[in-house]
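Peer 1: Read off the chains here:
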Amino acid sequence: MKKIALLLLFVSTAALAQKELPNLNLKSLDNKSVNIKSDFNEKDKVYVYVFWATWCAPCIQELDAINDVYPDWQEELNMEVIAVSIDDARTGKRVKPLVNGRSWEYNVLLDTNQDLKRSLSIANPPYTIVVKNGAIVFEQAGHAPGSEHDFFKKLKSL
Amino acid sequence: MKKKLALGILLLSAITVVAQQENDSIRKTKFKFNGGLESNAQWYLNDVERKIDQPESPLRSNNYLFLKANYGNFTVGTQVESYYKEALLNYNPAFEGTDFSLYWANYRSKILDITAGYFYEQFGSGMLLRAWEDRALGINTALRGGRINFKPTDGVSITALYGRQKSGFHVSDADVFGANADLDLATLFKQDSFGLTAGFSYILKNAEIDESVVDPKFDKETPAYSGRVGFSKGGFYAATEYNYKGEEPIYQPTTGLDYDFIKPGNALLVNLGYSQKGLGIDATLRRMENMSFLSDREPFVYQSNGDQLATNSLDYNDRVLSFTPALTKQHHSNLANIYVYQAQNRVNIDVTTNINKTGEIGGQFDVFYNFKKGSPLGGKYGTKVALNVSNWFNLDADFEFEDENGAYKPDYDAKFLGGGEKYFSDYNIEVSKKFSKNFRGNFMFINQYYNDRLIKGSFIENVVKTNILFAEGIYTFSGSRSLTVGAEHMWADNDRKNWASLLVEYNHNMNWSVFVMDMYNYGFEEEGNLIDDAYDLFKIHFYNAGITYRKNSSRFSLGYGRQRGGLVCAGGVCRFVPPSTGLSFTISTSF
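Protein chains in written order, with the numbering used here: chain A, 42 to 199; chain B, -5 to 585.
Misleading hints may appear alongside valid ones.
What the hints assert, rightly or not - Simulated pairs of lysine-lysine, DSS-like, Cα-Cα distance not exceeding 30 Å: (1) A:Lys60 x A:Lys84; (2) A:Lys84 x A:Lys68; (3) A:Lys195 x B:Lys24; (4) A:Lys73 x B:Lys104; (5) B:Lys271 x A:Lys78.
Keep in mind the hints are simulated off the structure, nothing from the lab. In this text the structure is predicted, and so the values were computed from the model without any measurement.
The whole structure should be built from the sequences, with the hints applied where relevant.
Peer 2: Written as structure tokens, this is what we have:
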């Protein structure tokens, strides 16, 4: 037991490795298996993973707001938003109609039993992770209404 | 020793987290290490007006440290939990002290995924097996054992597992075996024009039979299985799932485990929908009969302790294999979360209250529509409308209470299609509209019907009908500053009658935000039939205020206020919390 503890201590102090997404597969809205790492690995492209749920009002606000300016962002920067729904079996059936009903243009993935959320130690949605060239380059817990402009400036600077 | 070590690791790692975040250097290593820390603390205070005394340990916290190390295909991980000095009020008593809560080792390649130790899992919609975690609700039903997942080719996924279900820092006694196959037939047969999936699950629970039972009329092994198919073409989709739970003695809260009352259970789920850009229509129907599937034969009992009454694991949604959430809209409005429906999956035959139920039947219907920019109803920025309706009823069933000699011997026969008395309904419409570049609003109308007597099984006839109006405006200033004002009112015809609520939140930038809110209850009769009449028998302000700081992956918040006693719900499951007043402090970070 003591050895394990020491090992953990060593690990937690020594490792300062670059942070990456875990190698996990999630289902897309049309039920295709998508690898969150290898299916989003275009060189120099900025991938924005937004963790959200149908019951999370600030999440929907954030994704609505980005959706309004999404074509402009994509024109100016080689970027893509991946909206990862953490809805479980209670609200999961509402994801597809909601995404279409709000005219969202995003690639939507389903983290039904929250394996990805847990693996990244995300406490609550909304939570945003920006990945470029395989490395997590920015993270933001929560969302402030109206911060889209600042967020895009940040994306361009990465 | 083990506990001290765990506490030490928790503290040291917390320091390391801070240190690590200072260091922005990126080194290319194959070895990856990451994790997260979450801490929820409360300082319970005396509230003279509410006649609430602080508990014996007023300062309490739930702390979680998650650590994971990865090298190529191998990952090892652990979660240390600390409940100091005790867990927050009304958490599962199984959460006590500081210890390793989870540990696991995993190998994952493209076709093989093997885990030893603790793991989470869900088969199908989870109605027979879901092992999951929700810290806010104090749920962690991970299995401890082993699991193999095999994906031989695109479109085929096969899982086999064995484990015992976690409860606090222990596991339950019963063995759980499971197997699951998911097939994407359209992919397998290289069809692009439509989608077709099928899945099968099998679960076997092996729980010892108490020695006192003479000639048991049931097996110690309970099998359960489910099958599901899904089809989609263009914007249309349809899916169905059937679950069957083998015969086992029924546990009822009032009469306990009845070794002579042996029944199987089943559940049918049907989902149909159509969606295209700008429109989504969805209908979900479900019928459940005797679908409570526990990891032991009966709930684990926690003896009364001080002013805490005796409770059992079921009160904390613990030692439960099945996940049968309420299929209703999870509202963002505060007041719409006072009368919350909880799915009725259990059998209850009670001659004293004459409340007899065997499950539920009903459905939920959704329409989402986007009025385009420039259309008459869309205006300059478009208008989004969401309509949601749900209705849930008891099953139509014939009941028996006695055998031919007049002794208590319950039995039932539930009709396949047919609803009994109504448990709950919710009719609501939500409109979101952007009015100008800087101003947007949300409006909601909600009508609810809540049959407390039937849902909770109490003596008192108490149906509550409510109407709720909710309006929220968000104004953004330059530079990420914004002000949110939310006002709502609930008119209720029964119980505590009317409520009003106001929320004001100011976001200074991406990092800082503050809020104040108040919920005010008025208009009720103190002598009336109140659902929970033990506390707050006066017109009361439930005020709360807080400040939050967020930076990158970290979030800190400090709050002060009054917590209403009742159900706190998240992800479809509710937790009862006692009324309290105090300070709260939360930290969460990942690294």
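Peer 1: Which constraints among the numbered hints does this structure fail? Numbers only, ascending.
Peer 2: none
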